[in-house]
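2 protein chains.
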Amino acid sequence: MQRVVIIGGVALGPKAACRFKRLEPESEVIILEKDRFISYGGCGIPFYLSGEVSDIKELQSTSYHVLRDENFFEQAKGVKVFTQVEAQKIDRNSKKVLAFDHKNQEEKIFPYDKLVLATGAFPRKLNLPGIDLENIYAVKSLDQALKIREKITQGVEKAVVIGAGFIGLEIAYALTDLWGIETSIVEISQQILPGFISPELAQVAQKHLQDQGVNLYLSEQVLEFKGEKSVKEVITNKRTLSADLVILATGVIPDSRLAKEAGLKTTSWGGVIVNEYLQTSDPNIYAGGDVVALKHLITQEYAHFPLGSLANRQGRVIGSNLAGYQQTFAGACGTFILKLFDLTIAGSGLSLERAKKSGFKAQSGLALQFDKAHFYPEKDLTLLELVVEEENKRVLGIQGISSNGDSLKARIDAVASLLPFYPLLKHISNLEVAYSPPYAAAMDIVNVVANVTENILENRNRGALPEEVKAFLEKSLQNKQGIVLDCRGEDNAKPWIEKYGDRWLNIPAENLRANLDKIPRDKEILLVCNTGARSYEAQLILNKAGFKQTKNVLGGMGFLLKYGLNL
Amino acid sequence: MQRVVIIGGVALGPKAACRFKRLEPESEVIILEKDRFISYGGCGIPFYLSGEVSDIKELQSTSYHVLRDENFFEQAKGVKVFTQVEAQKIDRNSKKVLAFDHKNQEEKIFPYDKLVLATGAFPRKLNLPGIDLENIYAVKSLDQALKIREKITQGVEKAVVIGAGFIGLEIAYALTDLWGIETSIVEISQQILPGFISPELAQVAQKHLQDQGVNLYLSEQVLEFKGEKSVKEVITNKRTLSADLVILATGVIPDSRLAKEAGLKTTSWGGVIVNEYLQTSDPNIYAGGDVVALKHLITQEYAHFPLGSLANRQGRVIGSNLAGYQQTFAGACGTFILKLFDLTIAGSGLSLERAKKSGFKAQSGLALQFDKAHFYPEKDLTLLELVVEEENKRVLGIQGISSNGDSLKARIDAVASLLPFYPLLKHISNLEVAYSPPYAAAMDIVNVVANVTENILENRNRGALPEEVKAFLEKSLQNKQGIVLDCRGEDNAKPWIEKYGDRWLNIPAENLRANLDKIPRDKEILLVCNTGARSYEAQLILNKAGFKQTKNVLGGMGFLLKYGLNL
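Here the protein sequences line up with chains A and B, keeping their order.
If you read the first sequence in the working numbering, its first letter stands for residue 4, the second for the next number, and so on.
If you read the second sequence in the working numbering, its first letter stands for residue 4, the second for the next number, and so on.
Accuracy of the hints is not assured; some may be wrong.
Identical chains blur together in the list; that is why a pair holds if it fits in one copy or across any two.
Result set (BS3-like, lysine-lysine): computed pairs, CA atoms no more than 25 Å apart in a straight line [to be verified]:
1) Lys-263 x Lys-382
2) Lys-547 x Lys-83
3) Lys-342 x Lys-382
4) Lys-241 x Lys-551
5) Lys-396 x Lys-502
Hints in this document: simulated from the structure, not taken from any laboratory.
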């Protein structure tokens with residue numbers, strides 16, 4: 004019999020409470036939550052804003068449509084929940100939490116045997132002029148979500164979203180696609196999802212965003228908000244945007260104020276440091292979810308993973324350990340997935356940029372292929388990028404884009420689940436994923452991207468990415484130092500031959516061996532086909548024939564078109 | 004510069020040839036194929052029969068619609084292919100293959116430095132009276148596929164498929180769904196996909212097959228075929244079935260005749276034994292694909308994995324090793340996926356039955372849950388079964404069924420890719436799969452099935468499977484030794500209360516603590532809800548209150564309905 008107090012009632016808190024109570028029903032569990040709402044799916048807020056989730060109660064209900072309120076926790080779970088009770092101080096010596104009850108306007112004291120910190124994170128605050136104007140919201144709590152949706156249903160003409168991370172993009176999608184609001188995104192970085200995907204993948208998504216009517220302002224900084232009572236304009240370092248709704252989505256910061264004040268160890272950026280049992284520096288205090296610093300399983304450094312799924316899994320581990328088990332939560336690889344209009348973007352582990360920043364000598368390979376057997380009628384082109392450490396060929400991450408999200412998830416999750424096990428390139432090459440023509444190609448895209456990466460590392464496949472192609476077209480092709488060798492059939496190549504004349508040579512890869520004399524030996528040659536596979540064959544034939552200056556367009560014309568390169 | 008001869012030109016042979024030629028273009032590669040057709044997607048045959056693939060040429064073409072014929076291999080790949088040339092003997096001393104050229108009716112000799120055996124497998128022959136009647140086909144080669152489709156387009160009324168393995172089921176689906184042929188399946192085992200999935204999962208698929216109008220005859224043996232010139236009747240040990248088309252799908256056997264005659268090591272069932280470099284007992288002879296015995300990575304025993312995807316990956320490894328690399332192919336876990344009308348069935352590793360047969364003290368857990376956030380509008384109920392070794396909690400296999408195949412593939416592949424790395428239950432519990440409400444639940448079904456299995460292993464969740472439920476309903480409920488405690492809301496429970504009266508007690512799990520006095524202490528109690536989650540909560544409450552005779556229906560009413568239990 005022990006008394007467990009949990010501070011925070013959104014995701015991890017209730018999960019830990021229920022799991023513990025299932026294992027140790029005779030013990031007492033108390034949850035303190037400073038807000039009105041408890042146990043809701045915060046990740047569902049963008050879908051409530053979009054209207055796909057019609058009633059906010061659905062985010063607060065079980066899968067069998069029972070509202071998870073205080074009464075539910077008391078009756079169904081035997082867990083006592085205090086809402087609008089804000090923990091103010093942890094006294095570790097006397098093992099007590101001092102709290103303020105906002106409903107009854109009184110102080111309360113909660114003694115504990117074990118304490119769980121589930122205080123989550125709060126939105127990064129922008130200290131800019133005009134930030135306190137009306138209709139500027141962060142998307143964090145259900146309270147805010149209710150207000151934003153109320154505002155939307157009253158009518159919004161122009162919205163500005165600050166930040167092109169996951170939440171910002173989800174909100175921009177919700178506002179544009181389902182409410183038809185003219186939406187702009189302002190992002191300080193050069194790309195969306197900075198750090199999570201390569202500039203190349205980002206550009207594919209950026210083009211799609213723009214095709215869907217979203218105004219995207221990259222490398223741009225918000226300086227000020229203007230308006231009378233309500234916001235009317237967003238001033239950036241480059242322009243003025245009209246707005247009757249502004250959403251702040253510039254990331255979240257661990258809410259570790261209580262932890263710090265109690266002297267618990269935190270990282271420089273405020274994450275509460277926990278061991279693999281999710282204990283803080285005080286073994287009687289557990290912490291998990293958005294407030295903690297977890298070990299990044301690739302870099303082995305502390306990192307922030309504010310994600311509902313991880314919070315739930317950590318909640319279960321804490322619940323078990325409160326009951327005397329010794330379950331572990333080793334860390335995370337940062338697996339993610341995002342729906343963006345008709346595209347899905349997903350990944351796990353490190354992007355190439357982040358791998359390099361973390362000190363890895365890394366390289367990536369890129370492949371474009373159908374996700375199903377090429378002869379099967381229903382299929383989608385999928386783009387995958389695999390990041391590996393050069394020397395030992397360790398796989399560090401994978402990212403991808405497809406219009407079939409479930410199918411992309413299958414490829415990403417197959418690698419994501421392996422990442423903590425130190426996989427090598429050869430493991431992905433032979434990854435034994437499920438095959439049948441309606442679901443995969445015999446040599447699946449996830450195997451193919453590993454094979455492409457191997458060929459790149461071994462310098463057999465000398466690839467060109469879109470920006471290099473662009474430079475080639477603008478320079479080498481213009482001044483006739485280079486030609487494009489189009490390795491596809493005549494029909495495919497025709498429009499480009501008409502445009503570029505004799506600088507765009509067309510020899511299908513199958514006919515190349517017999518036509519080597521038609522290829523100039525003194526020029527740079529850019530090889531292209533639809534996906535990069537046929538042009539790779541051509542590159543090998545040219546390699547053998549002694550051509551030195553060849554580059555192969557990775558992902559082929561398919562990728563260049565998705566990228567939006569004006570060929 | 005070396006001379007490589009490859010016997011077999013369907014999947015592995017061409018793959019190995021092309022990979023080798025890319026790495027070592029100066030060497031010579033020859034493929035000998037006894038049939039007319041080469042380099043085709045054999046796994047696509049059922050989809051050609053169904054009409055989903057309209058032209059058989061699509062199965063023989065590249066993804067860019069170029070026919071992979073002899074000329075293609077010569078021109079595009081620098082590989083010399085001889086069709087209708089049948090290898091008859093391998094002379095290992097003089098390193099020569101003796102072959103017969105059926106086109107020119109002459110013997111030919113092919114000297115080699117390295118040899119690759121890619122002879123595949125042939126359909127298991129049924130030595131039954133009448134087997135040589137017309138319109139009885141095995142589905143193995145394109146030649147046969149052409150004939151079957153010709154027969155179908157001429158008009159077939161009744162078809163009988165012998166064997167309910169992967170090919171048999173795919174064919175039955177093709178014949179019924181797309182041609183409206185009255186189709187029967189005769190299977191000697193008690194279930195479809197024997198050994199691959201549990202009887203419980205099989206019954207869900209069997210019900211679906213029957214709902215779609217397929218006649219399924221399990222535990223039934225074919226004795227004879229009758230007819231004049233063409234087959235008219237299939238005689239089993241239980242009935243006579245009319246048929247104007249019979250498809251034999253009783254499995255395949257490695258075609259290792261050449262290997263055996265050459266004195267290469269094979270298993271008792273004829274699989275050519277290879278090491279991890281895919282070399283046979285003669286290091287100058289490689290083998291792969293349907294002809295070899297691979298190591299099963301869970302049981303560590305030799306097993307047969309006749310699958311195009313594995314053949315392709317092995318082909319690449321052999322191609323690399325022919326060129327002096329030392330790439331490995333460690334074995335396989337038997338990952339599979341099958342489309343069966345509106346359902347997808349997939350799995351990897353061992354089923355519970357196969358685990359026990361292989362000597363593991365194993366147990367399985369079963370979970371039913373939506374594959375997406377429960378508040379997200381589009382979602383599918385997914386059923387997963389996880390098989391674990393009891394003592395050390397090693398994960399041995401996973402199987403599942405869903406109406407969203409891509410989504411099921413994501414769950415299966417995430418575990419499949421881990422299986423060779425000796426994962427434990429805790430790894431699946433915390434598997435970091437990609438989460439966002441349109442793609443997964445915060446606690447995803449793949450995590451949940453691990454948690455359910457843990458609770459079963461620790462005897463917290465004492466589950467009942469459908470057959471036990473059936474026995475309970477027929478016995479305990481009839482003689483009033485037991486009651487059902489329905490833990491759902493009143494609306495859900497109503498029809499059953501009307502049927503069973505006071506033997507069907509309804510107390511939602513949330514209200515159970517306050518109503519313990521309403522539950523008889525002297526009776527067996529069967530707990531049920533929609534998915535098994537809410538009734539598990541109820542079981543724990545009853546455990547604590549001292550009720551000893553409780554069982555929880557795993558997968559809940561959702562599973563029982565899919566199973567077809569007549570409640």
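query = Which numbered conditions among the earlier hints are violated in the structure presented, ordered from lowest to highest?
reply = Hints 1, 4, 5 contradicted; others consistent.
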